[in-house]
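Undergrad: Put chains B and C on the given structure of chain A with help from the hints.
Residue numbers (my numbering), protein chains in the order written: chain A, 177 to 485; chain B, 53 to 505; chain C, 550 to 877.
To be clear, the hints were calculated from the coordinates, so they are not data collected in a lab. Note that the Cβ used here is the ideal one computed from N, Cα and C, for glycine as well. One thing to keep in mind: the hints can contain errors.
[Stated by the list, open to error] Label-pair distances were calculated between CB atoms; the ranges are:
1. 295/A / 75/B: 33 to 41 Å
2. 874/C / 352/A: 27 to 35 Å
3. 814/C / 453/B: 36 to 44 Å
4. 218/B / 762/C: 52 to 60 Å
These are the residues of each chain, in order.
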Amino acid sequence: MSEAKSEAIVSVKGLRKTFRDFWGRAKVEAVRGIDLEIRKGEIFGLLGPNGSGKSTTIKILLGLLHATGGDVSVLGKSPSSVKSKERIGYLPEETYVYSYLTPRETLMFYGRLFDMDNARIKERTQQLLEMVGLTHVSDRQVGEFSKGMARRTGLAQALINDPDLVILDEPTSGLDPIGCRQVKDLMLELARNGKTILLSSHLLADVEDVCDRVAILFNGEIKAEGKVEDLLKETDSLSLTMPSVEEGKLEEIRQFAAKLSGGAVQVDHPSMDLESFFVDVVNRAGDEKGEMSGAASGTDIAEFLKNVS
Amino acid sequence: MRKIGAIFWLTLKSAVRSRLFAGSALLLFACMAGLPFLVKGDGTAVGEARVLIYYNIGIAGMLVGVLALLQACGAVSQEISERQIQLVRAKPVSTMHIWLGKWLGVLCVNAVLIAVAGTTTRAAIWARGLAGDDVKAEVLTARRRIAPAEERVEYEVDHLYLEMKEAGRILPESDESAIRQQLKLAIVSARTTIGPGQQRRWRMEIPTGTAPKGSGGTELRSLFNAAYRDEKPMLCSWRILSDEGDELYSVAPAAYMDGLNRLPLPEELVTEHSSLVVEFTNEETRDGRTVIFNERRGLEILVNEGGFGANMFRALLVVFIITGLVAALGLTMGAVLSFPVAVFASVGLVIASLIAHFFMATEVIPHSHDGCDHASHEEFQLEIGEKMAAGFERIIGPVFSQKPAELLSEGLLIAWEDVAGTALLLFVVYPLLLFMGGALGLGRRQLALPESF
Amino acid sequence: MIRLKQFLALAGLTAVEVLRQPVSLLLFVTALACMGMSPLFLLHNFGESGKIVRDGALALHMFLGFMLAGYSSCSVMAREIRSGTASAVLSKPVGRELFFLAKYAGVVVVVLFFSLCATGGTLLAEKACEKFYFSSRLVGYYVDNTTGVLLLLCPGAACLIGAFVNVVRKRPFVTAALSSAGVLMLLLVVGACFINEMGRPQSFYCLYDLRLIKASLLICAGLTVVAAIALLLAVRLNTVQAMTALTIIFLLGWVSHYFFGRNADASVAASLLYGLLPDWQHFWMGDRLSDEGVIPTSYAVRAVCYAATYSLAILTAGAALFSNSEMK
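With the rest of the complex left out, here is chain A (with noise of 0.2 Å):
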């Protein structure tokens, strides 16, 4: 994306929740002085192992949790402010939508909380529920749907305002392929129109395809950050990239590569994929922290199964 794009829509300064129990003892340190900028038409991946307080971010900026310290604005705003959710979409990671109401219901009725006129609502629903993929099941209870229909009217209703800032916690999960690749589309054609979105995943590959940024939080705290393809530069060490030669040479070629092939040569950084990064910074932050708030990783599962059998 463009240096252009400034504006900071949502921002984070030293953001912490602690959750307390009864007595009023911390319980659980959610999140730990998070610093984070959201601008003006990007996507910005927020990454970590579960319970390392990417929801509890996310409800934060929604004003669904209240922020123990730190400063947080979205859109200008306050969270607790109602004005600031006239131009936000929402799309937790579950889909918390009405059993009881068919889709169309759904989104004629979120699209009333939004003051919409009636006219507006008609077209922007009918315009949604052809993009998810559900004008002939549109007079279906939710009740009745699988868990991917179900999530594409909670898509819809995220976007039946138009937000300028789209939230999606998790919005892939439950969906069959044809319809994460959808999604992917949705969020880059979203980002072409100048729409910001949060994205929290746990499908790397779809992080990595669509995030024009990425953080990735580890027990509270923002471990890395900054853009993907930065990330996943190894600043040190070289990759050479040259047509394939004769095996006899290659201890040759590693010698004086660009002198044996005669061609040109190209000399890089090599770049991890995101998920062998993901699980290098992980990995790395568990071994520094002592206690966790969020789920430890466990044994690698092969390992499991072949001591079990």
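TA: Leaving out everything else, chains B and C in the frame of chain A:
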């Protein structure tokens, strides 16, 4: 407004699509249609009509109240526990919109259920064939009840107390409030007791807006008992006087039986005067006996003002207002507490109010006279209990003073001005306070907490 | 054997789940606190305090027990079906009937525990309240404030112990407080035998009105019926709907004898409705205890049999309904 409308529509849809609404409507219909065939009155058509109306309206109010309370408690709390509220609160909707929308939705459900109950009751009266002239005159009517003006006895109590004190008849260590209470009871009972050759006057204020229907039926109704009972009538006479003492109407001494007596009055008496003085004379005869007027309904003027249909509508409106208040209470509790705790708190509050009302309404002689000295901490306990009950009663008194089923079954008018007063307090002021509490509480509540917090 | 193990595991889990709900503690604390308050605040009713306190305590037992049994049954069943936990359990070699009955057993265990505490509270409240004594030893009205105050302090102390256990041992507060309440109540019931009618120490002597044990037992039997009905309703309805339906059945059950029972001989419909609706009057012995009245053992046995038969019928219907329900 559209936001409130959307939440209202959602609440309505939730009720309609759940089996709850259809089940409740069916149950109400079954109760209202079935009860008249199971409940038996005193054997007369009037008695049966009274019992039918009283039970039907009373049970409808209770069932709709319970439904409203549970529905309201769950309206917000269940959305919080099932997390749908997260999507709603992520939209530009304030907690005030949510509270109001939900309340209006529950009110609408209540209105439909009460309408079902009312219509079925009316049909049941017709189906039971309870439409004879006597039933029409006594039950299926709307008569304004004009009772004697409340007479203040404090002055007389003060006077008597000082007199007794000066005469040295009160010991210094006696409980002053207990003695005053005794004196008050004595004065009140003396006023309702009229011996042979004695006379008694009551002042009746005619409320503005009293408008007889024009078809007669205005009457003076007295309820008294003889000091000892036998089959012989008593000789009594009645006079109606103006405030200035001019005689407006009189009835020559006639025989009156022990119990309820009705005396037709000309309608002009209540249309042309703002107050009347009713004079009763217990004539001195050989068989003369002391008569004791019923303390609650000893004397009243009844003015036939309208039809039963409109009166029933107003009675149902009062039921609707009360169930609306119950819904507001449940909604506020559900906005700040989880469903079971909200139900518990709401029901607990209602029961505590009922107990307080019961204790305050029962005029119990305040302190014991069992002769033993009670320690000061017991007095302290008593005081706390009384103060708590009195505090509760002050708040909830207006709710329990509403008796739509009783008035309707007695054929007494539920005046529009009374309904308006009730609505202002119970449908506007109290819900407004609950609304502020609920909206504020919901706003401060963290709606996306993990389940164990 | 495996069925028994499964049954015990599921029932135990249900009981623990109910005992961890804050509303359970709220109901226990309210019951004991109100029972403790009534003898202390109800004074000088010309010897009627005993009846008022007794009726009040039994009413609290019935009403709060209804809430506990009703809500617990509704929530453990409806919530598990909706959240998919029931599916997870039923995907194991566990029969649906066994699952349903184990849920009932779990709730009944909690109801029994509540009833035990409430019975203790009722005995203590009745002992503490103002009564007129006319014997060679005592003449006049006396209140046992010591027992009353100890009973009033009991729920508070239980909460304090629960808090202490929670802070020090990191055990769940609600469970710890409820267990403490049970233990404290037991100690208090025994300890109050060392307190006389005036609240002063005495050598061990039982001053309890033991008729209350039978009255409380009958209420407990009624509560097991409530639990069965609630569980049946929760198979098909969500928590709010099930609680609403249960409340209506509860209210109708109180008037079922008046409206239907009396007309049962004359009308088939009334007889059918009387048979279908539970008659709670069978379990309410408050009035019977007035004027030195007694509850005949034969009556108590018949009422318990009624509760057992009614519950059995409801549970059979519930198990059949649950077997045919589709899980999430």
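Undergrad: Measuring from beta carbon to beta carbon, are residue 874/C and residue 352/A in 27 to 35 Å?
TA: holds, 28 Å
Undergrad: When you take the CB atoms of residue 814/C and residue 453/B, is the distance between them in 36 to 44 Å?
TA: holds, 41 Å
Undergrad: Holds or violated: 33 to 41 Å for the Cβ distance of residue 295/A and residue 75/B?
TA: holds, 37 Å
Undergrad: Between residue 218/B and residue 762/C, does the C-beta distance stay in 52 to 60 Å?
TA: holds, 58 Å
Violated hints: none; the structure is consistent with every hint.
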